[in-house]
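Residue numbers (the numbering used here), protein chains in the order written: chain A, 1 to 387; chain B, 1 to 387; chain C, 1 to 387; chain D, 1 to 387.
Quick caveat, the hints were computed from the structure, so don't treat them as lab data. Just so you know, not all the hints are guaranteed correct.
All copies of an identical chain are treated as equivalent in the list; a pair is satisfied when it fits inside any one copy or across any two copies.
Said to hold, decoys possible - Mimicking DSS-like on lysine-lysine, the simulated pairs with C-alpha atoms at most 27 Å apart in a straight line are:
| hint | residue 1 | residue 2 |
| --- | --- | --- |
| 1 | K7 | K349 |
| 2 | K276 | K181 |
| 3 | K185 | K276 |
| 4 | K76 | K100 |
| 5 | K349 | K100 |
| 6 | K276 | K100 |
| 7 | K185 | K349 |
| 8 | K185 | K7 |
| 9 | K7 | K100 |
| 10 | K349 | K276 |
| 11 | K185 | K100 |
| 12 | K76 | K276 |
Protein chains: 4
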Amino acid sequence: MTSWTRKLRMGMVGGGQGAFIGAVHRIAAALDGQAELVAGVFSRDWDNTRLTGEQLYLDPARLYRTYQDMAATEAKLPPDRRIDFVSVVTQNNAHFAPAKAFLDAGFHVVCEKPLAFTLQEAEALARIVDRSQLVFALMHNYTGYPLVRHARHLFTSGEMGAVRKVIVEYLQDWLVEPLEKRGSKQASWRTNAAESGIGGAVGDIGTHAFNLVEYVTGDVVTAVCADKSIFLPDRTLDEDINALLRLRGGGKGVLTVSQIATGEENGLRLSVYGSKGAVLWEQENPNDMRVYRHGRPRETLTRGRSEYLAPAAMAATRIPWGHPEGYLEAFANIYSGAIDAIRRHIDGKPMSREEYEFPTVHDGVRGMRFIDKAIESADGGASWVTL
Amino acid sequence: MTSWTRKLRMGMVGGGQGAFIGAVHRIAAALDGQAELVAGVFSRDWDNTRLTGEQLYLDPARLYRTYQDMAATEAKLPPDRRIDFVSVVTQNNAHFAPAKAFLDAGFHVVCEKPLAFTLQEAEALARIVDRSQLVFALMHNYTGYPLVRHARHLFTSGEMGAVRKVIVEYLQDWLVEPLEKRGSKQASWRTNAAESGIGGAVGDIGTHAFNLVEYVTGDVVTAVCADKSIFLPDRTLDEDINALLRLRGGGKGVLTVSQIATGEENGLRLSVYGSKGAVLWEQENPNDMRVYRHGRPRETLTRGRSEYLAPAAMAATRIPWGHPEGYLEAFANIYSGAIDAIRRHIDGKPMSREEYEFPTVHDGVRGMRFIDKAIESADGGASWVTL
Amino acid sequence: MTSWTRKLRMGMVGGGQGAFIGAVHRIAAALDGQAELVAGVFSRDWDNTRLTGEQLYLDPARLYRTYQDMAATEAKLPPDRRIDFVSVVTQNNAHFAPAKAFLDAGFHVVCEKPLAFTLQEAEALARIVDRSQLVFALMHNYTGYPLVRHARHLFTSGEMGAVRKVIVEYLQDWLVEPLEKRGSKQASWRTNAAESGIGGAVGDIGTHAFNLVEYVTGDVVTAVCADKSIFLPDRTLDEDINALLRLRGGGKGVLTVSQIATGEENGLRLSVYGSKGAVLWEQENPNDMRVYRHGRPRETLTRGRSEYLAPAAMAATRIPWGHPEGYLEAFANIYSGAIDAIRRHIDGKPMSREEYEFPTVHDGVRGMRFIDKAIESADGGASWVTL
Amino acid sequence: MTSWTRKLRMGMVGGGQGAFIGAVHRIAAALDGQAELVAGVFSRDWDNTRLTGEQLYLDPARLYRTYQDMAATEAKLPPDRRIDFVSVVTQNNAHFAPAKAFLDAGFHVVCEKPLAFTLQEAEALARIVDRSQLVFALMHNYTGYPLVRHARHLFTSGEMGAVRKVIVEYLQDWLVEPLEKRGSKQASWRTNAAESGIGGAVGDIGTHAFNLVEYVTGDVVTAVCADKSIFLPDRTLDEDINALLRLRGGGKGVLTVSQIATGEENGLRLSVYGSKGAVLWEQENPNDMRVYRHGRPRETLTRGRSEYLAPAAMAATRIPWGHPEGYLEAFANIYSGAIDAIRRHIDGKPMSREEYEFPTVHDGVRGMRFIDKAIESADGGASWVTL
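Here chain A stands alone, though its shape is the one from the complex (with noise of 0.2 Å):
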């Protein structure tokens, strides 16, 4: 029987008061109206999971005291009750295990980035999602903005040439000041590395930056050489990250990445250059996007034109050219994968993972090689270091 009968019913571990991420999830997955929250477990303070339950009209019976609790009750109600899939909005200490808990209990999981606390987690998890064959959904976001799938067609249909040069940033300066001094949640976990793991700018936003550059130019990175800095005092994790970057196919890259650049939001950027085109995106600017070519005038591309983009980038799109979408738009297209992914799979047909336009658990696992590779690098005396 077909699941377009109903929307999907979700539960949710982690964002709880306080949070900030928890919130834009909620207002992503039930944006086009596919998804409707009905279960979590919001935080580790029950107080706190049953105010968030409270204000987000929650029927009081799906509010559990832990990720184990709730994982096994849900799976034991009948199927027309219990939930479809859960997302995962922990912090980075608390990624795995909830997982783990869900895939094994047969629910399908939206899971936060970076994909775990260590490398062998997020491997031991790639192994997990593999096995089950559940849908599995990572949250970079950036990759669900219109104007970036279109930037990967171009690439990877071979229009703008054999990948030269990659530029990207993601520069903020929210770590300026010393907030986890000053009583800022999401400050004190990312700054601390028994929460956050060993990358600081490197985990939270690098993560972002080495996967849009994997997800537009449809490369690899090979090859990583990263000098790391830290300047406030009493931190330990780094604030700030320069690197050099080797493509597969001979492309060579800088990815620079700052939580301490001031007066930066967050700028994340990406120029990739190929040997027929190139393609410079700006987040903080997502609906529209130059594109060069040699000795032409310049191109700028504007979201919702299906006289010229690609269908991937039309089908990311809700509403005309000139109306702007932003970041929970973006946000709501890796749900609205995800929840397209577990529809065929509920109804029994399900996409191989080649069809899945959100990343995955094995981008996760690039995103964690590539924390643990620069931060081994920039350990080493930012010497190069094999990805």
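Since chain A is already given, all that's left is putting chains B, C and D on it; use the hints.
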């Protein structure tokens, strides 16, 4: 008893297959998880209504053949089932009757712009709303952008001084081709006076531009001198309008609107020059706004900055700076304002109209008057007409 | 005998200490090494002339007390010593008499805009120029930008189709303070009808905007409806003007000009929408120009690209793309055109006026007519006036 | 006796037909009417020199077959006839010998970058200059932009705090095609190690980027780790380089340079993030500069604003804000600084090197060292090399 223990229940008139704006209303109304669509008559075509309802996973019992039936039937449902408000998203000539019907049945209303088919209808509706004390929100969605609200603050607080010069542009090009001859439903009714009223571009988008001027300046346009153009054969409504404006406070302005400005998408741009400073904002890039002061470095304000933005701007923001918001989020801000006002009404503590951040039926009357006077001016050879 | 074995010899009237535009003329005229300033009367104040001449390393024997003396004396010098042309860079009320004197003495003239103090003077000057067959270049320097010349090509060649809509803005803020009360010579004469004529902002910068419209479209403005404003106390000339335009070819337009638009510097911006495409150009960023075509990626043309720019645009460029040119270089292009025409005249092979890329006395008459009619319209309550 | 009663007399070595930069030097040197070209050897080809001299209206007696002849002959002319300084604008392998010859003959020198063919030549030249006490200006023309000078002020004054992160890009695409195989003289010598030296892109434009970093930060690069690329067949010099930088003050940086970045023109862009603020500047749009401070509205500074720009920035500006200046004007600022220094030397009151705003022979040595060390790093597998 408080309404805050549940989502509000929403009905919809219009917005079936082939429409554009209905889907936007549905996403926007539900974005914050505070309202849920439960009933509707989406089209005069019953099949369209049924199909639309099915795709929205609605209870078939809450789909209706006519708005009259819906208003009457919903009114008889028990208070804990019936809709709290209705959104009227039909074409211009079908705003008045359903809006009146639902108001008469005691329902709050969110209505598309322009408010009505004629100024007379608009004025009648305003009288009904005023008598009823019900909430009536008019969808001038561009006033929902956070930085537009900050711009309004900058002028109404006096920080920018007296308004001297306004330049507002609203430029599109989608009617540069005769789409109404090629089966486009959107183009067909918008170029047909029997469905749109006497205004073409001036009604469809000129009213937004006009409303934005009055919203941001806090001032009132007192006279208009307009020149209208029709370039494509067989068109009878204005495709393009250029107008001079005079404001009550002594400022002057230019308003230029077009749906045949080749290459423009949804180019709503506002510049207001006051005696102390100026504000420049563009809808297609709504996450920043330029503020100029004589002899000082130019400023670019970015959305989400509590350090310097007015509370009204911050309240209209969901996610941090650097994570772009767009059209849907601004649209949703009109809904969130209306939903708050409706909850306050339900809870027996209605807001006064002055507390609304969202446009009301009286802004709708202003807009209809603007259409009337602009067309009167243009038909009189572009002479000055008092508004 | 050819003039190409030497630099042309230039004289100047005006441009002493305290003036702005005279120095610009001197740099621009000499930029290409084709002309050399050798004589001048820089001020009605002889001390100023002597000091200016000394700072310019001029031969004291070629400094004059009056333009009459200069015209008469230079005319008597042997052909291999006397000036070839004179630049008149005085304020508006002192263009006519020296221009006439030098023309009568057989000298070519480069003249600042607006052409004259009154329309009558302008028309008289045009008759003198036409009779004399001498070269007369009017300094509408913005037509000297390479991309403006390409824009003209795009419209006059028909590539952009019929002109439908023009939006031209020229916004400054330097008169937002009463500088004329604080000793500013520039502000003093520009706010004084006895020196500027009946136009304030409309004469000073409105004429540039008007000229740019006619230059780029190749069309003619046939009617204007203008509303003027004066905000500062004791001012009598317009500080700000908003106008509707109608073009002979059926296009419509908006012209908005201000010298009290707080925060604007020299914001001359032109957008022309044709039936096939549109061109958008901004003087403050003159090295690129946007070209739009319906349903196609937006193009940004950059200066210096022979692959796609018209010969007239390439001929006005000195250095390669990516190396920005500016105001002085555009200004110099008017001179280089005039100098070429003067050399051709000297060499006995005069160009016809149609071959000039630079504005002429007849463009100057158009500009004076525009001032007259815009002010007539504004003083008549912003009614339509035929141009 | 003061030199201020006359223009300085300039000679030139290089810059004949087919060259690009020589013409730029001539315009720039003469722009302010303070210097006049009177002598030259424009090419090793005597016909080229004669033709170039004729087109420049030079006295044939001042054209020379060799730089040796020119240096010797000019030195013997009476003081009121002989040149005051010479500009060396030849290709890289022909800077040292003529510069040395003219210095030895007692002439001041303006020299193109990179300073020499090898680091050894550069160091030798520096010793000669230091001994001679003559003025030697190196044409890192990008330091001549007014806003670059203001950026330097912002960092060296401490207003921006300690430098933490530098991102400098210099991207071109003109070598994306094998122009050296199609008769391009420019491409031919720049891709030939025998004429350019060991650096390709890194020498031609990387030295500008490097110099800009040290000029603006007032800091010194102490180590570099560079990865170089060659994509086109038969090329031997780097077309593209990515490098990590470390600064003495603790800052880190990324430098990325390319002449095969498809679609880029002359994209020199600098971002410097300090502990208190950041500066972002782009050469292709040099008339404004962004300044960021944490939690404050972003600022855009515009050229020519004495209200907030440093005196050094104002001194480098010729025309008011809003009237764009460009590449030639910045170039001319190097000349005006050199000419002032030469006048001071002539007048017997030489400036100390610390008073120069323009780059000197010692900046040239730094640049040659950068080429050496970047290539050493790249050839060593992109390892860290001390500078």
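Each hint, compared with the structure:
| no. | hint | in the structure |
| --- | --- | --- |
| 1 | K7 to K349 | within (18 Å within a copy, 35 Å between copies) |
| 2 | K276 to K181 | between (50 Å within a copy, 19 Å between copies) |
| 3 | K185 to K276 | between (47 Å within a copy, 24 Å between copies) |
| 4 | K76 to K100 | within (17 Å within a copy, 50 Å between copies) |
| 5 | K349 to K100 | within (24 Å within a copy, 49 Å between copies) |
| 6 | K276 to K100 | neither (44 Å within a copy, 44 Å between copies) |
| 7 | K185 to K349 | neither (42 Å within a copy, 36 Å between copies) |
| 8 | K185 to K7 | neither (34 Å within a copy, 30 Å between copies) |
| 9 | K7 to K100 | within (24 Å within a copy, 33 Å between copies) |
| 10 | K349 to K276 | neither (39 Å within a copy, 48 Å between copies) |
| 11 | K185 to K100 | within (25 Å within a copy, 50 Å between copies) |
| 12 | K76 to K276 | neither (56 Å within a copy, 56 Å between copies) |
In this structure, the hints that do not hold are numbers 6, 7, 8, 10, 12, in rising order.
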